[in-house]
Every structure is written in C-alpha cells, then in structure tokens.
Amino acid sequence: MKKKDKISTLPSDPPPSASDISRRDFFKRMGALSGGVVVYISLGDPESWGQQQPDFNAILRIGTDGRVTCFTGKIEMGQGINTSLAQMLADELGVAFSSIDMVMGDTSLCPPDWGTFGSLTTQYFGPTLRKAAAEARTVLVEMAAETLHVSPKGLIAENGEIFDPRHPEKRVTYAQLTMGKRIERQVAEGTSITSSSRRNVSGKAMNRVDSRQKVTGEAQYTADIRLPGMLYARFLRPPVHGAKLTHVDTTGAERLEDVRVVREGDVVAVLHKTPDGAEKALGRIDAQYDTPEPTVNNKTIFDHLLDSNPPSQTVTEGGNIKKGRRLATKQFESIYYNHYVAHAPIEPHAALVHVEGEKATVWASTQAPFRAREDAAKTLGLPSQNIRVITPFVGGGFGGKTGGQQVVEAAWLAKKTGRPVQVAWDRREEFFYDTFRPAAVIKIESGLDAGNKITYWDYDNYFAGARSSETFYDIPHHRVLSRGGWRSNIKVHPFGTGAWRGPGSNTNVFAMESQIDIMAEAAGLDPLTFRLANLKNRRMSHILRAAAKQFGHSFAKAPSKRGYGIACTDYKGSYVATIAEISVDKTTGAVRVERVVCALDMGEIINPEGARLQIEGCVTMGLGYVLEEEIRFKGGKILDENFDTYSLPRFSWLPKIEPVLIDNPEMAPMGCGEAPITPMGAVIANAIYDAIGVRLFELPMTAARIRQA
Amino acid sequence: MIETIAFKLNGQSVKVRCDSDRLLLWVLRTDLGITGTKYGCGKRLCGACTVLVNRKAVESCSTPVRSVDGAEVITIEGLAEDGPLHPLQQAFIEHDALQCGFCTPGMVLKAYELLSENSDPSRDDIISGMEHHLCRCGAHVRILDAILAAAKEMKGGMR
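Residue numbers (the numbering used here), protein chains in the order written: chain A, 459 to 1167; chain B, 184 to 342.
Please note: incorrect hints may appear among the correct ones.
In silico DSBU-like pairs for lysine-lysine, Cα to Cα no more than 35 angstroms straight-line [claimed, not checked]: (1) A:Lys702 / A:Lys1015; (2) A:Lys1114 / B:Lys239; (3) B:Lys226 / A:Lys1092; (4) A:Lys911 / A:Lys901; (5) A:Lys662 / B:Lys335; (6) A:Lys738 / B:Lys191; (7) A:Lys738 / B:Lys239; (8) B:Lys338 / A:Lys731; (9) A:Lys1114 / B:Lys198; (10) A:Lys1114 / A:Lys757; (11) A:Lys1114 / B:Lys338; (12) A:Lys738 / A:Lys901; (13) B:Lys226 / A:Lys702; (14) B:Lys226 / A:Lys874; (15) B:Lys191 / A:Lys731; (16) B:Lys335 / A:Lys731; (17) A:Lys1092 / A:Lys788; (18) B:Lys191 / B:Lys338; (19) A:Lys949 / A:Lys1092; (20) A:Lys817 / A:Lys873; (21) A:Lys781 / A:Lys911; (22) B:Lys198 / B:Lys226; (23) A:Lys731 / B:Lys239; (24) A:Lys1044 / A:Lys781; (25) B:Lys198 / A:Lys1095; (26) A:Lys911 / A:Lys738; (27) B:Lys226 / A:Lys738; (28) A:Lys738 / B:Lys198; (29) A:Lys662 / B:Lys338; (30) B:Lys335 / A:Lys1114; (31) A:Lys1095 / A:Lys873; (32) A:Lys901 / A:Lys1044; (33) A:Lys757 / B:Lys226; (34) B:Lys226 / A:Lys1044; (35) A:Lys738 / A:Lys874; (36) A:Lys817 / A:Lys486; (37) B:Lys191 / A:Lys1007; (38) A:Lys757 / A:Lys1007; (39) A:Lys757 / A:Lys486.
Simulated from the structure, these hints should not be mistaken for lab results.
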C-alpha cells in the first residue's frame, strides 16, 4: 500500500513541499480548515491521468460536523452514481447513507478526472473509493482507541460513532474525533476492505438520492442557471457540414431592440436578454452559402466505408485461420451493416460562461468537466486554474456530451461582450453537431467441423470500434480485425462520430451473435444448445442458463415460428445474456417485442435497484437503434432535425422487461450502464428469424427492410 | 404586440408585459425564472415543456403567452408548492421513475391531466396517454408503474 501519513494539530500548516501545494489548495477550498480526516484517492485507470495533474483524482473528507463528503470529477447524468457511490461509502465508513454528500464535476473542488463514460465509474472508481473509506475508518478507529484508552482491536464503527462493544458507554463520534485535527492520507491500492458479508447499505435496493429534486423542478440543469445581466446567444449555422459562408447581412437583426451581433470571420452570433429574442434576431440574418456537392448518403455509405479501406489492427488472433478453414465442413460468409445513430439526449448541449477579471466560471452540460475547463481556458486565454467548471445535473449524455463546442462558443461570446453568456443548442443543432455512433460494416467468415463445433472465425470490422469483438466461444482458429474505430474521421464520415452508449459493442454483438445463430441452424441445433456446446467459459454458460431459466420456454431449432431470440456478450467484464420474444406482422413487417429477459453478471452488485433500472433503460433505448433509429443524410446535410422524422422508443413499444441479476460478490463490481444495451440487435434479429425465417443483416431492422427481406 | 398578460401561476397572480406572441416556455423560464419547464425540441414533439393551463396539459414551447391571459398555469414547481408532494411526485420517487430527470416535469404534469380525466386508467390507457412524451434514458416501465400506483393512491379523489 502506498500511504503518506501526516497528522498535525491545527493551526500549523503542513509543510509546503512542491508536491503538497495542490493538496493544501484542495484542503483550503474544501473548507476543511477546522479539521477533519481527508483521504486522497488515486485511481489505477491511466486514462484518467493527464500531465502535471496531482497524483490523486478523488477526495474523501470526514468533516468536523461528522458529515462525509466525496469530491469527484465524475458527473451524474441519470446513471445513478451519486447514489451507488454514496452507498459504498456508507458501508465502508460505518455511517448513515444520509450523512454522505457527493460533490461532483466541480473543477475547483474536485481533483481532475478525464470524464464519465465507458461504465468506468463503478468498476475503477468504486473499489478505490472503498479502500479510501476503509483507510479513513482505520484512522478513526486508531484515534478512538487513543481517546477511549482501549485497544483498537474489537472497536466497532457504526452510524458515525465508534464504540467498544464490551463497554458500550465507551463511545465517541467521528465529529468529536476530527475536531481540531487534520489528518491526511493517500490511498492507491491494496488496502483490505470490509468483506461483502458485512455490507449493510451496498447490495440493498435504494431509491435515487436526487428524485425529490427532479420531481419538483428544483433540480437545475445548465440552461436553468440564471445570472444578473446574462445574455442568451444563438449562432448562425451552416445548412450543411462543409458549407462556406459567401454572403451575410445582419442589419435586420441589428435593427431589433437590445440585440447584439458578434461577428468574426464566418462566425456570426446574436445575443439578447431572452433566448427567444436571440432566436428572432437569428431569423433576421440573411446568409448565403456555397455548399459542397454531396458525395455520399445513407444508402451509399457502406460502399464508401469499404472503399476507404482503412488499415487493420489485430484485436486477437489464435490458431491458424487457413487450417481452420480446411477443417471446416460447412462455411458461412456474412456481411453486417449498421447506420449512423444519434445520441439525442432530451437535454440539448448548453453552457453558461461568466468572466470576472482574470477568472471565469463555466456551467456546462458535459460528461467531461475537466476537458471543458481546458476548452474554456484556451478560448479565454486564461490559465486553466483560473477557470471553475460546475456541472449541474446533466439531462442524459450516452457518450454524446464529451466535446466542448458549446463551452467554447459561450466563452468566446462572454469574452467579446463582457457579459455572462448562455449558449443552449436547439434540437436542430443537437442533431447537426451530434457525434453519431458511426455507420459500420462487419464481415465474418466462419465454419463448423463435422462434429458441429466452430472451427474458425475470421472477423473484419470497418469503423464500429473493437470493443466486445473478442470472441468468447471456444474456437481454435480465430482472427479478429478492427479498422478505423468509432472516433471522428473527417476523411471518411461526412460529420462527427463518437462514442455511443456501449461504443463498438452494439455493432459487434449484432454481427457476432447473428452469425452464431446462422451456424446453430446449420448444425441442426437450437441456439441455446449450440452456444453451450461451443463454450468453455463457465461464467457465460451460467448466465445463459440463468436467462433461459427465467424465460421458461425451451428453444428449438430456428425458425420455430415462435419468435424467440437469444444473444450474449462480454462487455468489459460484465456478462449479459438476453432472450427476447417477439412477433412480426407479416404484411407490414412491423416487429412487436413482447418480452425481454436480460441476465446481467457485473460482479458485485452495489445498487440492485439501480442495476435493474439500467437494464430496463438499456433494453428500452436499445429498441430504438434496433428497429427505427437511423440518421438520413445527403453528404454533409443531416436530413433528420427533430423527433418527427427521427424516431425514439415510445411507451407503446415497451415489452415486458425482466432483469435477472446474477449475484457474484467475489468479483469486483463492474459497470451496468452500457452492457445490457449491446445484445439488443442480435437478440431481436435472431427472434425475427425464429418467427418468420428471414435473416436481417442491417440495423435498424425497420418494417420496410423486413418486408423487403 | 406589446401587451400586459395577467395569469395565475402556481397559485400566485403574475403580470408580464411583453410581446404577446412570445412563447410561454421562454416567458416562464426567462422573465419569471421558473425553470422546471424544459426545452427539448421546440416543436411539440417531446413533451418536456409541458405545463398545465386550466388543468390541461399543453406544450409551452408552442403556446403564445397571450393565450394564457386570465388562465391558471401550473408548472412542476406548483404541484406541491410548500405542501406535501403530490401523489404522482411521490410515486415517481418510490418507483425510481426517472434517470436524468429532464423529461420528468413534463411526464408528471401530463400524467396529472390523464388522471384528472380518467381516475381509474388501465395500463393501455396510460400508454396511449403518455405516448407523445419522450424519455431517452428508458425509464418508461417505471413511469407507467408510478402513474398506475398514483392512480390507485388517489382513488379518484383528485387533489
């Protein structure tokens, strides 16, 4: 264990060595000067590190009032980590859940963090946070032993108090212990933590801590922040990505009362003391553009992706594909496609920037407040430590709120006007500047030997991204390639692309698990038996059986006309097996998903209610990209601009959703916010095949595509 | 046209003097500082901006402020002002019927209208009533459960 002890009695400050500057700074900013126990936490996740950052990325404080505060750069966007992280803390520290405060996404109070995505929070942050809490508890117990004149052995920490069970009158509260003391520790790895049998709060279903604020309208999102003298801005936007402004006349806007026009080169913005006033002014600007000839659209995109022929990277390789091919008695060759998909959070991007002298405060709807700070610093020409980014509640992110364009825009205008400026995108801008889940193509060649075992698997992935593409079946000869990846690539995609809830995996699992079903049918086996026969991974077999048990019907060789589908995956260590029952209207091609059983093994479960909610959310959201969601475009022109043509899942789509949580407390907790969405494409595709004997290779599987197929 | 519009907002009389064509959403959020009402799409396509006008759910993003002159407007802030939570709010909490919470005010107010028109709705009644309200997090199952539970709790006696 890496540990630095410093115990001092106030008022003397800790020695100001260079590495302690930021610690002292944080100590001061946390308002902990009257004392307290503070544990600095460093995560093992290297992605969260930048240069010249302090060597910790979360702070835990037990204050002199006995309250526990956790300062973290992670943000809450609906996934419920403000509840689950507090649950972990309550257990390890032996305090009531209600005495914990989470301070999240405030760059002045919280140490740097790279962003909230990739289901990393519970997986990486959770265990380390626990260690920090366990460390703090150890310190408190030692202090209590000294105060109570007893041995620390056998002392019990409970409800913010430490007592000796043999002499129950010997007790002291955390608040009493920390008053006037200043104890700092650092935790990295290796501290022993409370065994799972002693956990009282974690593992219990908890309602979200923020529900009350959210049902009363009290919860503030970025666009709800009001400052005296603030202005609302709208930007002149090109009609098409890549368009060049050739003519602009802003006199119509300038003639309106209280309107300010700011222009620099091709960038034109209007500001007003109301958002609708700015909107009206924007409508009075006359602008003309040169638009490039569209070269690609949503119909030709797949050829375009293949033609771009990006270099391949080997994700995994084993055996010898050529040999595997020779051993195969049956061979299968398929190509799978998926279209661009929007994030479409109901809250559009927003930012408010307020510059005061050499300092600035930024409120931003972002998954990455520390990146937003860098963006604002660069735009304002101020050092980043002079900028405070505050992240209010975020109205959904799903991977789409990691860029800082709206922050840059608001900062630029705040600097130009000397006023606090809000930039809040409208729905059209939200679609236009979204970093879509990329369109992608997956080619698979695979084969069965005479005994109906999978003998080879040759997987070639264009632009989906590699995540979840490693096969977990027992296949002697395999090769998995990945080309391009999901990040923005202006040479290939006509607009931005990026991470979308479960990046890469949604596409990969659709292709992989569809291919498995194709082989199952050729082997003459039902899809469950075929999977189990080709698996040595016992954790995966177990979860498949658990899902099948909950489903309650046995599978038969497809197509059985019953509309049952199955699919499973390993998403960054979280295992999912999903079974769906669907019906297809043969005349319209419309799919009705009746029932979805989703089993999830994510290691230890911190908040079962939160996990069920994430499963339900993933299944519901998943229906969108599986059945309807597809961005239509002509070159850089995004044809979908609102929810009239871009169709999100609705109440009437709801299947009966049955989450099955596999209790696996021996394994560290892993994420649950993304894994359950990833098998949705394959499970529905397989169910459609089972229902009507038609195999779909393209997502979304719209009624029109099913009719055609 | 600049006019003075007077209406009752969450039980209080308010007057605003402005262009009467302005949309209720922006007048509420900007001039009156009532921000629980959200902008989601601006085209009556998502329901996030829903408020109650004379107990009817309307999309404030497409409602000119002049149309509420003399009316009673209730936003999410007014559903339980200074009092106990409305059974719908309570049910949303108990059923975890939200994630990011951005669509929640609109959902709760639409459900309010639904239950005031039908105190004993079936699940299908609720589904068709809520159909035009979008939730991207996928809290739909819980929202349905919460509305059903609230209906039971209220047993026809609308507050």
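Tested hints:
1. A:Lys702 / A:Lys1015: Status violated; Cα separation ~57 angstroms.
2. A:Lys1114 / B:Lys239: Holds, because 30 angstroms separates the two Cα atoms, which is no more than 35 angstroms.
3. B:Lys226 / A:Lys1092: The hint holds at about 23 angstroms.
4. A:Lys911 / A:Lys901: holds (20 angstroms)
5. A:Lys662 / B:Lys335: holds (27 angstroms)
6. A:Lys738 / B:Lys191: Satisfied, since the Cα-Cα distance of roughly 27 angstroms is no more than 35 angstroms.
7. A:Lys738 / B:Lys239: Holds, at roughly 28 angstroms.
8. B:Lys338 / A:Lys731: violated (46 angstroms)
9. A:Lys1114 / B:Lys198: Violated, because 48 angstroms separates the two Cα atoms, which is more than 35 angstroms.
10. A:Lys1114 / A:Lys757: holds (34 angstroms)
11. A:Lys1114 / B:Lys338: holds (26 angstroms)
12. A:Lys738 / A:Lys901: violated (50 angstroms)
13. B:Lys226 / A:Lys702: holds (28 angstroms)
14. B:Lys226 / A:Lys874: OK: Lys226 of chain B and Lys874 of chain A at ~32 angstroms, within 35 angstroms.
15. B:Lys191 / A:Lys731: Distance ~24 angstroms between Lys191 of chain B and Lys731 of chain A Cα, so the pair holds.
16. B:Lys335 / A:Lys731: violated (45 angstroms)
17. A:Lys1092 / A:Lys788: Not satisfied, since the Cα-Cα distance of roughly 41 angstroms exceeds 35 angstroms.
18. B:Lys191 / B:Lys338: It holds: about 28 angstroms lies between the C-alpha atoms, which stays within 35 angstroms.
19. A:Lys949 / A:Lys1092: holds (16 angstroms)
20. A:Lys817 / A:Lys873: holds (11 angstroms)
21. A:Lys781 / A:Lys911: holds (14 angstroms)
22. B:Lys198 / B:Lys226: holds (26 angstroms)
23. A:Lys731 / B:Lys239: With a Cα-Cα distance of about 30 angstroms, the restraint between Lys731 of chain A and Lys239 of chain B holds, given a limit of 35 angstroms.
24. A:Lys1044 / A:Lys781: violated (42 angstroms)
25. B:Lys198 / A:Lys1095: Answer violated: Lys198 of chain B to Lys1095 of chain A is near 43 angstroms, above 35 angstroms.
26. A:Lys911 / A:Lys738: Distance of about 66 angstroms is beyond 35 angstroms: violated.
27. B:Lys226 / A:Lys738: holds (16 angstroms)
28. A:Lys738 / B:Lys198: Holds, at about 23 angstroms.
29. A:Lys662 / B:Lys338: holds (31 angstroms)
30. B:Lys335 / A:Lys1114: Holds: Lys335 of chain B and Lys1114 of chain A sit about 21 angstroms apart, inside 35 angstroms.
31. A:Lys1095 / A:Lys873: Holds, because 31 angstroms separates the two Cα atoms, which is no more than 35 angstroms.
32. A:Lys901 / A:Lys1044: Distance ~29 angstroms between Lys901 of chain A and Lys1044 of chain A Cα, so the pair holds.
33. A:Lys757 / B:Lys226: With a Cα-Cα distance of about 28 angstroms, the restraint between Lys757 of chain A and Lys226 of chain B holds, given a limit of 35 angstroms.
34. B:Lys226 / A:Lys1044: Distance ~34 angstroms between Lys226 of chain B and Lys1044 of chain A Cα, so the pair holds.
35. A:Lys738 / A:Lys874: holds (21 angstroms)
36. A:Lys817 / A:Lys486: holds (18 angstroms)
37. B:Lys191 / A:Lys1007: Given that 35 angstroms is the threshold and the Cα spacing comes to 56 angstroms, the pair is violated.
38. A:Lys757 / A:Lys1007: violated (41 angstroms)
39. A:Lys757 / A:Lys486: Violated, because 58 angstroms separates the two Cα atoms, which is more than 35 angstroms.
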